[in-house]
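Enquirer: The residues making up each chain are set out below.
2 protein chains.
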Amino acid sequence: MKIEHPYLLFLGDVPDALAAKTAIGVVDWRKDWCAGQLRLPGCAADTGLADMSISEARDKGVRTMVVGAVNAGGRLPDHWISSIVDALDEGLDVASGLHVRLGSIPAIREAADRNGRQLFDVRHNSETFATGKGTKRTGKRILAVGTDCSVGKKYTALAMDKAMNERGYQSSFCATGQTGVLISGRGVALDAVIADFISGAAEWISPETAEDHWQIIEGQGSLFHPSFAGVTLGLLHGSQPDGFIVCHEPTRRTMRGVQTPLPTIQQVIDLTIQCGQLTNPAIQCIGIAVNTAALGEDEARDYLAKVSAEHGDLPATDPVRFGMEAIVDKVADIFGAP
Amino acid sequence: MKIEHPYLLFLGDVPDALAAKTAIGVVDWRKDWCAGQLRLPGCAADTGLADMSISEARDKGVRTMVVGAVNAGGRLPDHWISSIVDALDEGLDVASGLHVRLGSIPAIREAADRNGRQLFDVRHNSETFATGKGTKRTGKRILAVGTDCSVGKKYTALAMDKAMNERGYQSSFCATGQTGVLISGRGVALDAVIADFISGAAEWISPETAEDHWQIIEGQGSLFHPSFAGVTLGLLHGSQPDGFIVCHEPTRRTMRGVQTPLPTIQQVIDLTIQCGQLTNPAIQCIGIAVNTAALGEDEARDYLAKVSAEHGDLPATDPVRFGMEAIVDKVADIFGAP
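Protein sequences appear in the order of chains E and R.
With my numbering, the residue at position 12 of the first sequence is 18, and numbering never jumps.
With my numbering, the residue at position 108 of the second sequence is 114, and numbering never jumps.
Please note: incorrect hints may appear among the correct ones.
Chain copies aren't distinguished; within one or between two, either way the pair holds.
[Claimed, not checked] For lysine to any residue, the following SDA-like pairs were computed, each having C-alpha atoms within a straight-line distance of at most 25 Å:
| id | residue 1 | residue 2 |
| --- | --- | --- |
| 1 | LYS146 | PRO267 |
| 2 | LYS139 | ALA198 |
| 3 | LYS146 | ALA216 |
| 4 | LYS139 | ALA300 |
| 5 | LYS66 | GLY263 |
| 6 | LYS8 | ILE200 |
| 7 | LYS336 | THR260 |
| 8 | LYS139 | PRO267 |
| 9 | LYS139 | ILE200 |
| 10 | LYS142 | GLY263 |
| 11 | LYS27 | LYS168 |
Hints were generated in silico from the structure; no laboratory data involved.
Because the structure is a prediction, the values reported are computed rather than measured.
The shape of chain E in the complex, shown without the other chains (with noise of 0.2 Å):
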C-alpha cells in the first residue's frame, strides 16, 4: 500500500478547524505534497492551501484526493459522496480518514471500479501480515513511547525525523496511525490490526533497511494504558528499536480514558527497556519530550532541566518549543555522527 502524491485535501463543509484536524496535520508535515484544498459551501476549516476544484488538482498532476475531515459521528454524508465520485471520474485515487470504508458506499465502489482506482481507508487495514518473528533486522530504528496515549507521541517522532534528515541522517517516518499514514504515504493503523499479528504488522511497518537508515517510528498507546497496553507491548517488540523518547505530558493527571493514574517516566523507561530488551538486548532510552503548552517560557525550561536531572542528565526537550536538536546530538553521542 502506497498513497501517491500530490494530494488534493477535501475538507467537506465542516463547522470547525478541530474536525478538519487530519488535513491540518498533513499541511504541518508535508506541505510540499500538498497542491490544494476543496471546501463545499459552508465550510468552516481552512488549511491555508489554495482552493482548487478537481479538475484543476487534476490538471496540476494531484494523483490522490484525500477526505481529511471528519463530520460529526464519523459518518460519510450524502452531499460529500458526489465529490468522491468526482475525484474517482477525473483519474485520481481516493484516501480518507473516516471511519465507514469508501468501498462500501455502492456509487464509490462502482466509481472506483469503473476508473481502476483505488481506495484508501487509513482507519482499516487490507494488508495480510504474517505473526512477528522477532529476529533481528539490519537499520536502526527510534521509537517514540509515551506515560499516556495523546501525549505527543506522533508529533515527537515526526519532529525527530525532520531534525535528523537535516542533520545528515537518513532516516524515514513510519507510521502507526491514521493521520500519520497520509503523512507518509505509508503504514498501517495498529489499533485496527486483528491482536494476533500486532507484532508482525509492526515488522512490516519498519522492515530491514540499510545498516544506516534510521527509521522513526510513531508511538502508540502507553504499556501503562488499562485499555490499549497491548498494541503498545506488540509495537514495541514488533519495531525493536535502538533507542526510544518517552513523551509526557505533565499536567495530566489520570491516564486518557479512565481512571488509571499516570506512571512516571521513571516507570516507562524501565518497562520499555525490560521488555524490549526481548527483540533488541542494546535498547536504551535516548530522550524525553514533554508538552510544556500550560508553562510559561522560563517556567518550561526549569521543568525540562529538572526533568533531564531525574533522568541521568537524558536530553528533556518540548519539541514544539525547543525542537529536537538535542535528542539529535544524543543520538550523534552513542551512535556517532552520520
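Once you have looked at the hints, place chain R on chain E.
Expert: Relative to chain E, chain R alone:
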C-alpha cells in the same frame, strides 16, 4: 453468544486423531454435554462416543452440531457441507473451529437463514467490544500464564476450575481460545479480536460476578513471546487476576515458532506481577504448573520439589500427573475456604 448443548460432534472423514483434537478436547472436559459423534465413511478419528445420525441426535435433544475436526489446509471439504446443511435443516445450530467462516458458504448461510438457526465460528468473533476500562470488578479471578505458547495453559485452567468446584468453591472456566469456547459454550478467541479491544474483550470474558465466585481464565501466549505478547498483556490487564498460575514445559529451549530463548519461571512471575498491578495491585502468583511428561515419576517429583523450593515454596505440580490440589490448598490459605 452462548453455544447450547447437548452437542453432536462432527468428525468428518479426517485421517487421524490429531485432526479431531478439538472434538477430543470437548469430550475430555464436557463429556456430559456430548450426546454422540457423527463420522463419515473413512474417518480414522474416534472420540469414544456413540456414533449417531443427525436425526437421532435431534430426537435425543441435541442443540448444536460441533465441527470438531479440521482437514488439511483448514478448508471445509465440499462433502462436509451437506452434513452441515442437514443439521441446520433438522433444527440444530452449528459451531465450527475451522478457519473458514460457515456463513461464507452460500448453501450453509441459506440453510441457517431458512431454519432460523445460529452459526458459531469460534475462531472468529462477531461481538462488538468496548475498549478496556481497567476498573475493579467484583468476584475473584485466576489467570493461567506461561513461559511460552502451548505449555498447558488451557489444560491448567480447566483442571483448576474442576478442582476448585470439587473443593466446594463456586468457579467457572472462562475461554479465550477456540477449543475453550466450545468447552465452555461461551468466550472469545482473543487472538482474533481487533487490537484496540484486547483488554476490553478480556473484561467481557470475565465480567463482574458474585464476590465469592471464581473465574478461572484460560491464558494466551506469553509476555516473553515476540509474536503474541501484546495479546498476553491485554488479557492480563483485562482479566485483572487476583492470582495467576505459571505454566511451563521444561524441555522447551526456544519459544514456539521463533528463535527467542525461553524466559525463566521467575522472570514470568516478576513481569506478570509488575504489569498486572496496573489493574489489580494485589495480584500474586499462586502456583506453578509443569508438564513433566518427558520425565519419569520420581524424576518429576524431584523436579517439582526443586521448582517449588526455588520459588518461595509456591506449590508446583503437573496438572495431568498429580492434579491441582496443591494449588487449591494455596488458594484456601490465601483467600480462605469456600
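Enquirer: Each hint needs a verdict: does it hold in this structure or not?
Expert: Hints and how they fare:
no.	hint	in the structure
1	LYS146 / PRO267	between (33 Å within a copy, 23 Å between copies)
2	LYS139 / ALA198	both (20 Å within a copy, 18 Å between copies)
3	LYS146 / ALA216	within (8 Å within a copy, 51 Å between copies)
4	LYS139 / ALA300	neither (42 Å within a copy, 28 Å between copies)
5	LYS66 / GLY263	neither (44 Å within a copy, 50 Å between copies)
6	LYS8 / ILE200	both (21 Å within a copy, 23 Å between copies)
7	LYS336 / THR260	neither (31 Å within a copy, 35 Å between copies)
8	LYS139 / PRO267	between (33 Å within a copy, 13 Å between copies)
9	LYS139 / ILE200	both (16 Å within a copy, 20 Å between copies)
10	LYS142 / GLY263	between (35 Å within a copy, 15 Å between copies)
11	LYS27 / LYS168	within (20 Å within a copy, 54 Å between copies)
Violated hints, in rising order: 4, 5 and 7; the structure is consistent with all others.
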